[in-house]
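> Kindly produce the complete structure, drawing on both the sequences and the hints.
Protein chains: 2
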Amino acid sequence: MSEAASRRIPDVTVERLPVYRRAAMDLLSAGMRAASSDLLAKRAGVSAATLRKDLSYLGSFGTRGSGYELSFLLGQVDRQLGLDRAWPIAIIGIGNLGRALASAPGFAGRGFRVAALLDVDPHVVGQFVNGIEILHLEELPRMADKSQIAIGVITTPARAAQEVAGALEAVHTMAILNFAPVVLQVGKGVAVRNVELATELQILSFHRLHRF
Amino acid sequence: MSEAASRRIPDVTVERLPVYRRAAMDLLSAGMRAASSDLLAKRAGVSAATLRKDLSYLGSFGTRGSGYELSFLLGQVDRQLGLDRAWPIAIIGIGNLGRALASAPGFAGRGFRVAALLDVDPHVVGQFVNGIEILHLEELPRMADKSQIAIGVITTPARAAQEVAGALEAVHTMAILNFAPVVLQVGKGVAVRNVELATELQILSFHRLHRF
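Taken in order, these protein sequences are the chains called A and B. All residue numbers for the first sequence refer to this note's numbering, where the first residue is 1 and numbers rise by one. All residue numbers for the second sequence refer to this note's numbering, where the first residue is 1001 and numbers rise by one.
To be clear, the hints were calculated from the coordinates, so they are not data collected in a lab. Backbone N, C-alpha and C fix where the C-beta goes; we use that ideal spot for every residue, glycine too. Be aware that a few hints might be false.
[As the list claims (entries may be wrong)] Covered by chain B, per the in silico footprint, the following chain A stretches (three or more residues, Cβ under 8 angstroms):
#1 72-83
#2 92-102
#3 137-150
#4 193-201
[Said to hold, decoys possible] To give an idea of the chain A side of the interface with chain B (calculated C-beta under 7 angstroms), a few residues:
#5 V12
#6 E15
#7 G45
#8 A48
#9 F112
#10 H207
In C-alpha cells:
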C-alpha cells in the first residue's frame, strides 16, 4: 500500500490494528492457520462489520468459507504499523515506572528496541537497567545522533515533562509516549499518546459510582 | 445531580472530566481562582465549545466575564467522578509494573487507596511494597470481604489475566484496569479499561512511518 493510500486510514482504525494483530497472533499460537471475521472480531472485542471494514483499508479481504489467512494478515498489519523494523526508543525518567518499562519484555517488543535510558538525578545516572546504562539527559542530542531516536517515552514527574518533550522535539523525535499527567504542548508534526494512569482509575470510579 | 441524570453523560465526556480536573488543579496551584472556558480548554487540549458542552452536563456554567470558579468546578467534577471517597483497589501481579504502580504516589491518588497486593509466586508473596504485604491470590475473597475491592488492577502476564479477571468478577469487583495484552471476557456489568503499552508504541510507530 502506498504512503498516500495509508494516509487515509482513519485514526480509529489505526488504533484497532494492534488489537487485530494480537488476535491473529493468539489464534496462530493456538495452531490455527485461518480464521473467520466473526472469530477474529470476537477476539478483538469489535463487531465483524467493523473488523471487515478496518481490514479492507489494508487491502486485506477474507475469503468466504475459509476467512482470513492469519500469517498473511499479520504480515500486512505489521508492515502497515511499521513493525518490520526496530524503532529506537528512549525512555526519559528512570524511576519505578521507567525501570519497569525498560525491563518489561512485552513493552519494547517486536518493532522496537530500547536505545537510551536518560535521567537527570546524579544518583540514578550511571546505573544499569537490563544491561543499558542510564545517561544524563544532556546526552540526548548525542544519543539521537547515534541512534535516531524514533519514539521518546516520558516517565518523569509532571513538572519535568514539558521540558523533556521540548528536548525530544529539538532532536527531531516526532513521536512521544507520555506517562506524565500533563497535556504536552508540542509542534504540529509530533504525535503524542498519553497514558494517564490516574485518569483511567478516575473513569473507572465514575462507572463504579453511576453504572451499577 | 441524580444518578438518572448522570447516566446520560456520554462516555467521551466522562473520559475528558479527569483532564478538566487536572487543568483546574494546575490553575489553582498557579494561584488563580477563576478561569475562562478558553483558558481551561487550552490547558485541556480541547475546544472551548467542547469544554462548555461537557461541563454543562455537570450543571456547571461559567459566568460571562469571570468564567468558571475553579474550586467549585473541581468539587463538581470530583463528586461526579466519585473522588469524594477512597475506593479500595487491588493490584494483582506484583512484577516490575505492579510494584511501580503500588509505589507511585500519583497512581492511587485522591479517591483511591491500595487495599491489597496479590500474586501467586511464592518468592513474591510475603514481601512488602510501600508498607503493604503481598498476599497470595487465594486471599482475594477474604480481602474483598474485608475491603470491598472496588477496582482491580491486573498487571499479570497475559496468560494469567483472564483467570484473574474471573476471580475479580467472582468477588463482585465491577471495575478492572487491565495492563495485560489480552482482551478480557467479562460480564456485561463489569467496566474494563485497557492500558496497552505495546499497542501505544505500535500506534506511534504507524504515525512515525506514515505521517511525517
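> If a hint holds in the structure, say so; if it does not, say that too.
So, going through the hints one by one against the coordinates:
Only when three residues or more bring their CB closer than 8 angstroms to a CB of chain B does the claim for the region 72-83 of chain A stand; here the count is 4, and the claim holds. For the region 92-102 of chain A, the assignment as covered by chain B holds, since 6 residues bring a beta-carbon within under 8 angstroms of that chain's beta-carbons and 3 suffice. As drawn, the region 137-150 of chain A meets chain B at 1 residues by the rule of a beta-carbon pair under 8 angstroms; below three, the given contact is violated. Counting residues of the region 193-201 of chain A whose beta-carbon sits less than 8 angstroms from any beta-carbon of chain B gives 8, enough to reach three: the coverage restraint holds.
Using the Cβ-Cβ criterion of 7 angstroms, the hint placing A:V12 at the interface with chain B is not satisfied: the shortest such distance is roughly 11 angstroms. A least Cβ separation of about 6 angstroms between A:E15 and chain B falls short of the 7 angstroms threshold, and the interface hint therefore holds. With a cut of 7 angstroms, the hint placing A:G45 at the interface with chain B holds, because the nearest CB-to-CB distance is about 5 angstroms. Annotation: interface hint on A:A48 violated; nearest CB of chain B at approximately 15 angstroms, more than 7 angstroms.
This hint holds: A:F112 has a C-beta 6 angstroms from the nearest C-beta of chain B, less than the 7 angstroms allowed. Given hint, A:H207 at the interface with chain B, holds; its Cβ is 4 angstroms from that chain's nearest Cβ, closer than 7 angstroms.
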